Structures are given as structure tokens and as C-alpha cells.
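Chains as they are written, first to last, in the numbering used here: chain A, 1 to 344; chain B, 1 to 533; chain C, 1 to 349.
If you're looking for bench data, these hints aren't it; they were derived computationally from the structure. Certain hints may be false.
[Unchecked claim] Simulated restraints on C-beta separations:
#1 B:Q442 to C:A10: 28 to 38 Å
#2 B:F320 to A:A191: 20 to 30 Å
#3 B:E171 to C:A168: 19 to 29 Å
#4 B:V112 to C:A77: 42 to 52 Å
#5 B:V112 to A:R194: 56 to 66 Å
#6 B:G177 to C:V68: 52 to 62 Å
#7 C:D195 to B:L345: 43 to 53 Å
#8 C:A77 to B:A513: 42 to 52 Å
#9 C:P19 to B:V112: 47 to 57 Å
#10 B:L345 to A:R58: 39 to 49 Å
#11 C:V68 to B:L345: 36 to 46 Å
#12 C:A180 to B:Y517: 29 to 39 Å
#13 C:A180 to B:V90: 56 to 66 Å
[As the list claims (entries may be wrong)] One side only, chain A facing chain B, incomplete, derived with CB under 7 Å:
#14 H45
#15 Q46
#16 N50
#17 E57
#18 A61
#19 R65
#20 P174
#21 D207
#22 E237
Quick caveat, the model's predicted, so the values are computed rather than measured. Built from N, CA and C at the ideal position, the CB exists for glycine as well.
Each chain, written out:
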Amino acid sequence: MRIASRRIVIALCAGAALAALAALASGCGSSESSAETLTLYSAQHQQMTNALAKAFERTSAAKVRVRFGEDEGLANQIVQEGSASPADVLLSENTPPLELLAGKGLLAQVNSPTLAQVPARYDSPNGRWVGVAARETVLIYDPKLISKRQLPASILDLAKREWKGKLAIAPSEPDFVPIVSAIDKLDGRAATERWLEGFASNAARYDDNEGIVAAVEGGQVAAGVINHYYWYEQAKEIGAANVRSKLYYFGHKDPGALVNVSGAGALKSSGNPALAQRFLAFLVSKEGQSAMTHSGDWEYPLVAGVAPPPGLRPFATLQAPDLGPADLGNGSAPLALMQQAGLL
Amino acid sequence: MEAAGVGPESRSWSTTYVRARLRARPTPLVLLAIAAAVALLVLLPLGFLLDQALSIGWTQIDHLLFRPFVGTLLVNTVLLVAVATTACVVLGVAVAWCVERTDLPGRRTWAVLAALPITVPAFVTSYSWVSITPIVQHFGGAALIVTLAYYPLVYLPVAAVLRGLDPALEESARSLGMGPWRTFLRVTLPQTRLALLGGGLLVAVHLLSEFGAFAMLRFQTFTTAIYDEYRLSFDGPAASMLATVLVLLCLALLIGELGLRGRARYARVDTGSPRPAARARLGRSKWVVLAGLGALVGLALGLPLVTLVYWVLRGGSTSFPVVSLLSAAGSSLELGLGAALLTTLLALPVAILTTRHPSRIAGALERAAYLPYALPGIVVALSLIVVSVHQLPALYGTTPLLIVAYAILSLPLALVATRAALAQAPPVHEEIARSLGCGPLQALVRVTLPRILPGLGAAAALVFLATVTELTATLLLAPIGTQTLATQFWADASTRSFGAAAPYAGLMVAISALPTYLLTRRLGAVAGPRRAR
Amino acid sequence: MSAPALSIAALRKSFGGTPVLTGLDLEVANGSLTAVLGPSGCGKTTLLRLIAGFERADAGTIRVGERVVCDERTYVAPEQRGVGFVAQEGALFPHLDVAANVAFGLARSQRGSGRVQELLELVGLAGLAKRHPHELSGGQQQRVALARALAPSPRLVLLDEPFDALDAGLRTQVRAEVRAVLRESGATALLVTHDQEEALSLADVVAVMRDGTIVQAADPQTLYRDPVDAELAGFLGEAVLLAGELHAGHADTALGRLPTRGANGHGATRGSVMLRPEQILCREPLAGAPRGRVLATQFYGHDATARISLQDPACPEITARAAGHRLPAVGDEVSLVVEGTALAYPSPR
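Just chain A, with the same shape it has in the complex:
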């Protein structure tokens, strides 16, 4: 036993020494760079973020350091960091975190030429952040269980009794709340409440979009409301030929065809505001947008003239409702409605 415990000590010491070396090495590495450095907090997918960062480094000679995370973590982190935040830019997956920071006065005004690159509907109403990419709400369904004729004209139809037990939703995904807001906006409070009630009794509750895709793909549920993005990811992973489910697009400016926007904002506390603005401008430039569409990700570009990733329809043909994040509010009203309906 003495020998074994000595071995543990030796292993621990060796490990500690290795760790110290690694720390030293990384310290040396970072002190070498004398170029300007942009600190990016990104809740976007890693491959897309890395593609954007690489492309920006090529065009600007600046270095990009990225903290990856999720919307809720990064936004709350920046709130707690306050004026001491090391972040220059936040690239989010959805707009509520940007609205949160804007509301707390933590975001700087975005340069107007940058804002002008993107349809105004997908920018911050008061110019605090700029839209970068979009995802579309769709219905994923199993063609063996749902015939073409059964497909609904509107997302509102999914609250009808014939969908009972056939539907999967992920009400705690940030993508879901805006749909409720959209219905509230387009069809009124009473219709929204009825719709939520119908959903609560029709649908099985999943934790996230990934879960719904897996469930429909596995034949456990007939259909589900998701972002188009996750279906394409699944298809890439298991091979297009093996995909059993299909996507149905509501179109016709139905609230079910709502578009979710991913955006970016520069922090007021940034130590290098000019570089931060350059990065925002890059994100909505032709180079930035096409770096994004070629990253292997499946999001729509928001800048006119940039083609979507192969396999996606042109953004202009989606027939999304004329609602941007600004029209949808901060989400507290739909949250209360969802809580009232027992979905949360």
C-alpha cells in the first residue's frame, strides 16, 4: 500500500507539473500577439462562429477570442460583469438576450450603415443591435402517420381536437415564446388563450427542438413544431437518404411561419469600440454573410444578394409574417399566458 500511495503522489505531482507547464505555455502564446484583439461572446453554434471569426481575422488583421456559451448564460454573465465586462461583442442565438442588455443600457448604438444592410424589421428598433441570421418555424411530420391532406393550413389549426396526441412542442425553447407573441399580435388575446389551451391538451412537452426531431424521426410522435435548422442538422448526421420525417412550411404570413433572428450587439463597455463596430459591419457584409452560409450551418442570411446554404429556399420566398423582434415585445406577456395554460 505504501508503494501504491506513493504512486498516487507521483501521479499527482506529475500532473501538477504538466498543468503548470501547460499554463506557462499558453501564457507565452498569448503574450506574443500584439495585434488588436476582439473579445466575442457567442451563443451561436461553434462552427459558424469559428468561420465568422476566421474570416474577420483574414480581412481585419485583428485577433478574435471567443467565449462560447448559451444565450441565458452569456447574457446574465454580461449583466453581472457590468462595466467590467471583457466582451466587445455579443453574438446571440435569439434576440431576447440582446433586448435584455439594451434595456439595461449595456449596448452601444450600432453604426447606421451597418443597420441599413438588414431589413429594418430584423434590427433593434432603437439601433442597439443588428440582425445577422434567421431561422424559420416549421412543422416536422412523419409522412407515414400524417397524410398530405391532413397538414394544417395554419399553426392555429394544431390546437384542434384532431391533433390530440399527435403533436410535440418545446415550450421552454426560446423559439417558442415568439410564436405565442405573434399569435397574440395577429389574432388577439382570446384566440391566443384558446390556442394555448388546445396546445396544452394536444401536445407532448419536450425540452428542446433536438428532442422533438429525434422523437418524430423515431416514430414516437407524428409531428412537432420546430426551427427548420434542426431537421437539416439531423439529416446531415444520419444521412439524407435515411431521413424519415419531412418539413411542412406554413407560409402565407401565418404566425406559424415566424422567423427567429440571431443578432449581434457591441458592448458600451468595450475597450475598443471601433473594432467592435467593424466586426458588426463585417457580420452583415457580403463576406461575413457568405462565410456564415458556407460554414456548414443551416441559417438564412439576412443580407440581400447572399444565397442561403445549399438546400434552403431563398429567404424572400418564405412568406413570413411582417413581424420583427420589436413587434413581438419582451415576451413577458406570452410567458404569463403560457404559465396560465400550464405549459410552464
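Please arrange chains B and C on chain A, whose structure you already have, making use of the hints.
Frame of chain A; chains B and C shown alone:
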């Protein structure tokens, strides 16, 4: 060789007496101050939590806490903790008994295999189950899967006690006419009570803060609801309010465990026998036991590993980016070792205080360490951000701060192992060292530490395991640009690129295997060499 | 004359409201081996732990040599007292070999100086320097523990029931060895034990402890011969107590008129006298001598005891000791002859 030199009478007298004496010894103020400082560090997140929670005002609290959904969460959380903890205890004890006290063929191998499920992150286990069958979603499946993932926390300490148990106890029971079953229930089992309760408490408190597995299994608990609150309304204070419920549940568990523990204390098993224990003969039922163990290891370890292999083979995104794999593995190792060292170091003074100078204050300081263990990682991480960004800006975003976060999140694991080791190393050696001219610190270094080294190794290994799979705090606190195996796994898995994610998970399991092996060997050797007389 | 190696005055200690030491006084002369003798649980071990400094006294003073190590204001840490300690079961450090155990308390510079070898030779274990504790017998472990405690040349060595864990055959031998080592090293030692035979055969001075204080401290013969009260007499060995009328220099008892020592009051008082069984001889029936009938005998080999009921019905049974080869048979009628003087204990008024 003689049997133990102290008769049963004088032993029972001397244990109560020793306890009274330990109580009466003056507590060194320096030690108390260090332990209090450790407790304070660990309670930091709690202060942040209360500050946030109370800032939302009573109407909000009323609105937030007293809605039907919270009732569902409370029922879900309490039921799941009760059922899964009980299952872990039953399973852990059964496996420990079969491996340590029977003539099961291949015992050494089973001992290691049965501990290995602790190396598979619960979210990996959950995903592999979900990808096979949806019936594991909801209550039953969630309870089953977390039981498979966490029963080693009970199995390991109980096995250690069974291994060190004086065979004379069981033999006397048999000679008094008790059958094997009654002997187990009335003699063997009570001996493991403290290890069993300690392990059960770890499982229960850990389940309060479990997120990844339950999210995957579509099972809602307070912790998943707290993440939802962050995700949907970005409302930190509201989420904190929900988290205070977790703190209350954790307090209830701590009090409950104290009650169950009753008057038993960590016994000194110093004078174990050099004689190997007689093992129960399984006879023909050994086939049943072998089948059961095989099924357990297959479900808890084989299934997730097979799933990983399947992803690698079938995934469209499968790739082996060697540089990224190595650098993530390097970061995970560095952070894991750093956390293991720091946490064990922090646990030591607290454990010394509670074992050498037991008192109400010492007990309270030790138990304070469990509270952050019940909190979701995001709460702990955010509190450290608040403190460090404003008070210690030089530390913010550095590896040391992340390691401190790991220490706060895993201190109870180190405490359990360190305390057990100290309780089994008699204080007489320290006193002799003092009488030979050593100061308290010197006595610690020259006598106590070498003695409890295996226990410290076990503590470090447990912390290492917890650290390597940690995600939330790592994302928020790691130096910008640092990627670990867990964050890389998450980055790929969150875009459904399971083929790309699998190699990271595989490496995570691989680098966790060595510490686990040490755990199975060393947690049992904590008592040190048996003394021959 | 130099100060005693240890002097203790009015020492008090209680645990959680239970008093253990209640004003204890004790002195240990330089170079002596003193035994503290008392039943289990009387506070002997606590006394040692207070002297070693493992615990703090509630009140009283402890001096080691000239130096106060403990009183109301002072508390010297154990490592600064120069007091060695040998624990009940040796408590050798299991992670160190014999030589390293012995060298433990030596300054770094001294560890290679031959002191270790010297001590191992002293305890007769010179060949076992590289063994580990679990490879030693119990007696060997005790001797290593003693060598370890002696190595830094402490002012005083404390031994806590050092032979308790040894089996009976080994005990006598290890006892003799330890005593020889202590003599040879010239160390001052304080030993606690609950075994009166051990205390009497081993120590220069035996201090008997009862109810948290020392009731009597004296050399073994004095103590055995003149214990301060009847209870102590019984604790130190078998005692025959006879009620009687005490006069100056003699007492009238069931065994007739016996010469006495101690307690020479004025005129006759009620009281009792104490005889040791070996003072009472069984003889063939003689005229004029008190008689009794043998009820039972207990044979020990070298000697034996006989329980005898006297013909005087008011008198209890008494025990007499006889050489093994002169043991009377059960049922024999014998005359009892008393040698030497009896110790008189007047009844408390």
C-alpha cells in the same frame, strides 16, 4: 497473534470516553478560522442567491412560487430524489456485498467494473437511452437512469467498510444462531450505516442540482425549471428565487441524514484483524448474481459506450480533429488535477476540525459545504462572476478562478473521503508526534498525511471525476478560448453532430477510468495496513 | 538538591460536567520510576494526557523540572515540554520502519549520529532497524515505542498501561526489559497501570489514585504494609480485616490479642485491624491458640490460600496463606498463628 487486545467492555467505554475527550480538547483557533474561511468561500454563492432572490419583492415571490407548476416541480423533485436515492442505496449495498463478502468468481474485476459507470457523464447515459427507446422519458426512466449513473457513490464507500470489517463480528453473530440473512441485516448492515448514509446524502443532494440528464429525459425538476427561467425570461432574480427552494430541500436532507445517523459516529476501525474474512458461499445462486451484475454493468456502462461507438461509426459528422481533441483533453486534465488538488486541500482543514475537534460549530461548517452542491452550476458561476469581476478583477476569466468554482461545486465529495480517512487514523499518532517535539503542522505533515494519503487520493479522484464532466460553470468561467472535453462535447452534441461529439465523450470516459480504478482500490485501503500483534 | 522531575499541585479536570481529577497532587523524583495505580476509569490516562499537554487542565499547576508547563496563565504545547509518551499499544507510525520511528523525535542533524543504533541496542532490537511495525511482535513494538520516546532524552517519559495489550507470558518479560532499559538510560518515568502486581513489582514509588486524587504515594513495601485505609489495603492485595477493640500497641480481635502499629490512640476505641494472609499461619491444633475449620483451599503452586471459618460465630471467615506443600485439607481443624504486627484502623467517629 492475538485478537484485539481491548475487551468489548473497555472498548465501548473507551469510545464514549474518547468522544467526550475529543469534545473537551480545546479547538485550535487557527484551524477553526481556516475551516470557517473555507465554509465562507463555499457559501459565497448562497449569499449571492439570497441577495438576488430577495430583490424581487413579495408580490413577485408570491406569483412565482405559488403557481401549480411549482407544485408539480416540488412533487417531481421530492419523489425522484426519494426513489432514486433509495434505489442507489439498495443497489450500492447489494453490489458491495456481492463483491466484497461472497465467493463470487472474478470479484476483483467486478469491483472495478461496478465502479466505472461513475465515469460516464449522466447526459451521455441519458442520451443513449433516449436514442433507443422513448419509454425512459418521464419519471420511471429518469429514476432508473440516474440510479445507474450514481449508485457508485454508495457502492464505493460501503464496499470499503465491508472490506475492512472485522470478521469476528459476523462470526459471533453466526455462532449466536443467526442465519446469513439475519446476520447481514442485524450485524453487517448496521456497520455500514454511516458509509451508506454518507453516500446516500451525496446522491440525494447531487440529484437536486442534476440538469443534463433530466433535460434529456424530459423530466422536470426545480433545476430544469431554473434553467428555463434563465432561458425564457433572462430573469436572474426569479431563477434565484426558485433556487432557494433547492437550498431548503438540501437543508431538509442534511437534517434528515443527521436524524437517521442518530448517535452513530464514524467508528474507529483501527484494530482490524489481519485475518482475511470468510466469504459467504453463493453456491448455485452465483449464476443469478453474475447475471445481475452483468446486466447492471451492461446497462450502466456498456450501453452508453456502445452508443458512443455507434455514433462514431454512423454519424455524418464523425471526425477526429487530433489537435482539438488533444488540447481539450489537456485542458480537462489540467483543470481536473488543479481542482482535485485545491479541493482536497480545502477539505483537509474542515475534515480535521470535524474529526479531531467535533463540536456543533465544526458540524455546521462541514454541512455548509453541501449547500452549493445542491445548486445548479449557473448560480454558482454567476455568483463568482459578481464577486471576482468587482473585487478581484485580476482573477476574472483565469484558470484559478474556474478551479475555485470547481472546488465550491465538489467540496462535499472531497470531504466525505477525507473525513473517512481521518476518522480511521487514530489521533494517538499525532499526539505521540507532538510529544516527540513536532508542532501541530509538522505532526500533520510527518504523521497524519502519510497515513491518510490513500484517502486523500480517493478524495482527489472523486473531485477529478466531477470536474471533467462539468459544463455550465466551465462555459462561463473558463479563460476565453479554453475548451474542455465537456464543452466540446456539448458544442457538437447541441447541433446534433453526435459523430463529432462522440470522440470527446470517449476521451472523457478514458481519462476518468484511471482515477476510478484508484478509487476502487484505495477507498478500501483507507484504514491503512492492519496491525499485527 | 535539584527540583523533582515532575511536580503537580491541585490539578483539576472534568469532562462535560463529570469531574475526573479533583485536586490531584503528585511528585516524581529525578531518575525514579513512579507508577500511578488505579482502577479502570479513575482518571489515570487523563492525568498522563494533561502532563503530556494533549489536554488542558481546568485548574492546578504542573511543573516539569523547574518549569511551569501548565497553570492558570500558562499552557506549554506538548512539543515544547520535553515529555516522552509511550501509548497503550505502542502506536508506532505504520508508514515508517523501526529506525525511522526511533529517529522521529531527533533533530535532523542527530538522525545519522548513531543515536538510533544506540537506542535500538539499548532495547535489544539492533537487528530489526529496517522492519516495519506490522512485522514486529507486540513486545518488540513496545520496546521500539520506548526507544522512540527516549531518543530525544526527555526530562520525563510517560507510559500509558504499556503492557496491557501483551499476553500474560510476555508481560512479565517485557516489564523486566522495560525496567532495565529505563534504569540504564537513567530516565525518569511515570507509568500508569490498573495492575497492582505490576505497580508493586516494577516501580520505585507507587501512587494510588482514587476518585480523582492520589490517596497514598510510597515505596511498594510501605504501601503494601501500611495502606492508609482498609479499601486501599484490599485494592493492593488480599487483606484480612478483623473488627476489634484497639488499645495503645495492641488490639483484641477474634484471633486474640494482636500487636499493632499505627493509630495509637488514648484508651480503648472500636476499630478494625488489617493482616495480610501470609501473616496468618495454619498449624496443627494447639491449646490456647484460636481455632478454625478449613472451608476451601485454592492452590497456586508455589503457595496456596485457605478459607477458614473461625469457631467464634461473630467473626467472619478469614484467608490464610500457606506454602504449597503445607496446605491443609478441607475440613481440617487448624490453629491460627499470627506473625508480625497488624495495622490498626480506628473507626471514624
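Where does the structure disagree with the numbered hints, that is, which hint numbers, in rising order?
2, 12, 16, 17, 18
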